[in-house]
Amino acid sequence: MKRILTIVAAFCALGFTAAPAAAQQLLHQERSLYRNIFVTQDGDERCMLFRWPRPLGRESCRMLHNPEKLIFDYTQMMLAGLYLDPSPKRILIIGEGGGTIPTALQEMFPATQIDLVELDKAIDGVARTYFDFKPGPNMHVFIEDGRVYVKRAAAQKPNYDMVMLDAFDADYIPEHMLTREFLEEVRADMAPHGVIVANTFSDSALYDHESATYATVFGPYFNLKLANRIILGRAGGLAPDDLANARKNAATLEPMLSKRGTGSDFLLPLLSTKVDWDPNSRILTDQYSPSNLLNALPRR
Amino acid sequence: MARKQSLWCYTIAGWSGFYVMLVELLSGRLIAPSFGSSIYVWGSVIFVFMLGLAIGYLFGGIFSRYSPSLLRLCGILVAAAIATLPTLFFGTQFLDFMFDKITDPRFGSLLTCLGLFLVPTIFAGMVSPYAIRILVKNRESSGHDAGYLYFISTIGSSLGTLLTAFYLVLLFEVNTILLAAIGISVAVGGLGALANYRKV
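Protein sequences, first through last, are from chains C and Y. Under our numbering, the first residue of the first sequence is numbered -2, with each subsequent residue one higher. Under our numbering, the first residue of the second sequence is numbered 136, with each subsequent residue one higher.
Hints should not be assumed to be uniformly reliable.
[Unchecked claim] With the C-beta cut set under 8 angstroms, the calculated list includes, among others, these residues of chain C facing chain Y:
1) E27
2) L30
3) Y31
4) Q38
5) E42
6) N135
7) I140
8) R144
9) V145
10) A151
11) Y169
12) E178
13) R279
14) P287
15) L290
[What the hints assert, rightly or not] Going by beta-carbon spacing under 8 angstroms, a handful of chain C positions derived as facing chain Y:
16) F69
17) L116
18) K148
19) H173
20) Q284
Keep in mind the hints are simulated off the structure, nothing from the lab. No residue lacks a Cβ here, since even glycine has one placed at the ideal position from N, Cα and C.
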C-alpha cells in the first residue's frame, strides 16, 4: 500500500529533533519479513530507510535527475575496489539496498557477470520499483541468506575477481557474516588474488575485533576510513605494488568514476594500511560473535 | 524432609527452564553458519523446542505414574544434559552433513534442529510434570503447587534467555557456554540425587 505523507514542521515542535526536513515525503512503506522499509523523497533525492521518521541512517539514496552520481561517501569508497582490479570479470555483491552499487558496476562493466545476493525479497522489489534497479542479462539476483549463498557457492569454485560485502540489517551487519569462518568461506569463493571490499562502521567497540578478524583472513588491507570504514584487500593479502598500481589504475578509471561523482582526489588519500586497531583483539568466530552487542558499546 | 524435597523440585525445574532457553538461543547461533538466521531458521528452532517440550510434558506425565521419586527427577535433568553432548562434539559435522544433503534452508534447518535438539528438549519438558507429581501431596493444594512450580520454571527460562543473550555470548564461546550448562545440570542432578538418596 502506498501512502503519501508530508511531514510538517509540527514534528519539530513536538521535540522530534531528529525528524527529517519538512520537505521530506514518505513515498512508500512496507513491513517485510525482516524489517520495515521506507522510501522517502526530499526534492530530487530519493532514499531507502529502515527506520522512519527518526532514521538512524539512510540505507540507500539516489538523485532522480542525476542517478549516476553516488551520493554516499561509502558507496564511492567501495568503488575504490576497482583500483585493485580495474576490469573484474566476475563480481559477487552481498546486500542489495537500493541497487546503487550493482547498477553502477553494471553500467561501467556491461560484460561482467555480477551475482547479487539479497536476503529480503521486499528490498529487491523496492529497489526495482523506486530506485530504477534493472538487472541486465549478466546480473543474477539471488534471494537468500548471504552466508548460505557463499558457503554453497564454494562447491562451484566461482573464482570471483571481486567480492563486495554490504549486507546490513537495521542495526549492523548480521553476526554470522562477521566471523572468521564466514570470511574464509568468502575467500574460498574468490580468485587467488581477488579483491575483497567490505562496508563497515568505525566507531564502536566492534571495530577492533572486526578489523583483527579481517586481518586474520585477508592479511594487511587498505583501511578507508571516514564515517564508514571500507576494508579493501585481497585474497592472499595486498601485493607490494598494489598502491603503485592503484595510482595507475586511478588515472585510467578517472573518467568513469567522475561520472559517479567521485575520483582519485577523494579516494587515493584514503588508501591507508595503518593498523589503528588493537591487533590482539579477540577474533570473531562462529563460536564467539557478539557483534551487535559490541557494536552497541562505545570504542575504548 | 518434604520441604527439602520440594526445594530440590523447584531448583531442578528452575534450572531446567534456564537450560532449555539457553540451549534454544545458542541453537540459533550454531545453525546460522549453515542455514542463515532468516525467519524460517528461527521458525525451525522454535518449532522443534515447542514440539520437544510438548512431547516431554506428555512423557513426563506418563512417567510420573510409575514409582515417582526425586532420584528419577534428577535422572531426567541429567539425561537432558547428556542428550545435548552430541551437539557439542558432533554438531559441526552434522551441520555440514545436512548442509550438503539438503539445499532448501527451511527443511535443512528444521531437520538439523530435530536431529540435534529434539531429544534434549523432550527430557527437559519431562521435568515440570514429573516434579509436580512429587510436589503434590493433596488435591486441594495441587493447583497451587503446579502454579508455583511453573512460576519458578518459567522465571528460570526468562533468566536463561536474558543472561545468554545479553552477557554470556559476549564473554564466552558457544560451546563453552553449552559445556558449562551441561556441567551445571549434571551437578544439580547429582547433588539432588545424593541429598535425597536415602528417601528413595
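Hint by hint, here is what the structure shows:
1. E27: Violated - the Cβ of E27/C stays beyond 8 angstroms from chain Y, reaching only about 15 angstroms at its closest.
2. L30: Cβ of L30/C sits 5 angstroms from chain Y, so the hint holds.
3. Y31: 7 angstroms, holds
4. Q38: Since chain Y brings no Cβ nearer than about 29 angstroms to Q38/C, farther than 8 angstroms, the hint is violated.
5. E42: Hint on E42/C: violated, closest Cβ of chain Y at ~31 angstroms, above 8 angstroms.
6. N135: 24 angstroms, violated
7. I140: 10 angstroms, violated
8. R144: 6 angstroms, holds
9. V145: Result: holds, 5 angstroms to nearest chain Y Cβ.
10. A151: 11 angstroms, violated
11. Y169: With Cβ-Cβ at 13 angstroms, over 8 angstroms, it is violated.
12. E178: E178/C check passes; min Cβ-Cβ to chain Y is 6 angstroms, inside 8 angstroms.
13. R279: Violated - the Cβ of R279/C stays beyond 8 angstroms from chain Y, reaching only about 10 angstroms at its closest.
14. P287: 4 angstroms, holds
15. L290: Holds: closest Cβ of chain Y sits about 5 angstroms from L290/C, inside 8 angstroms.
16. F69: The hint is violated - F69/C has no Cβ within 8 angstroms of chain Y, the shortest such distance being about 26 angstroms.
17. L116: 6 angstroms, holds
18. K148: 7 angstroms, holds
19. H173: 4 angstroms, holds
20. Q284: This interface hint holds because 4 angstroms falls under the 8 angstroms limit.
Violated hints for the displayed structure, listed by number in ascending order: 1, 4, 5, 6, 7, 10, 11, 13 and 16.
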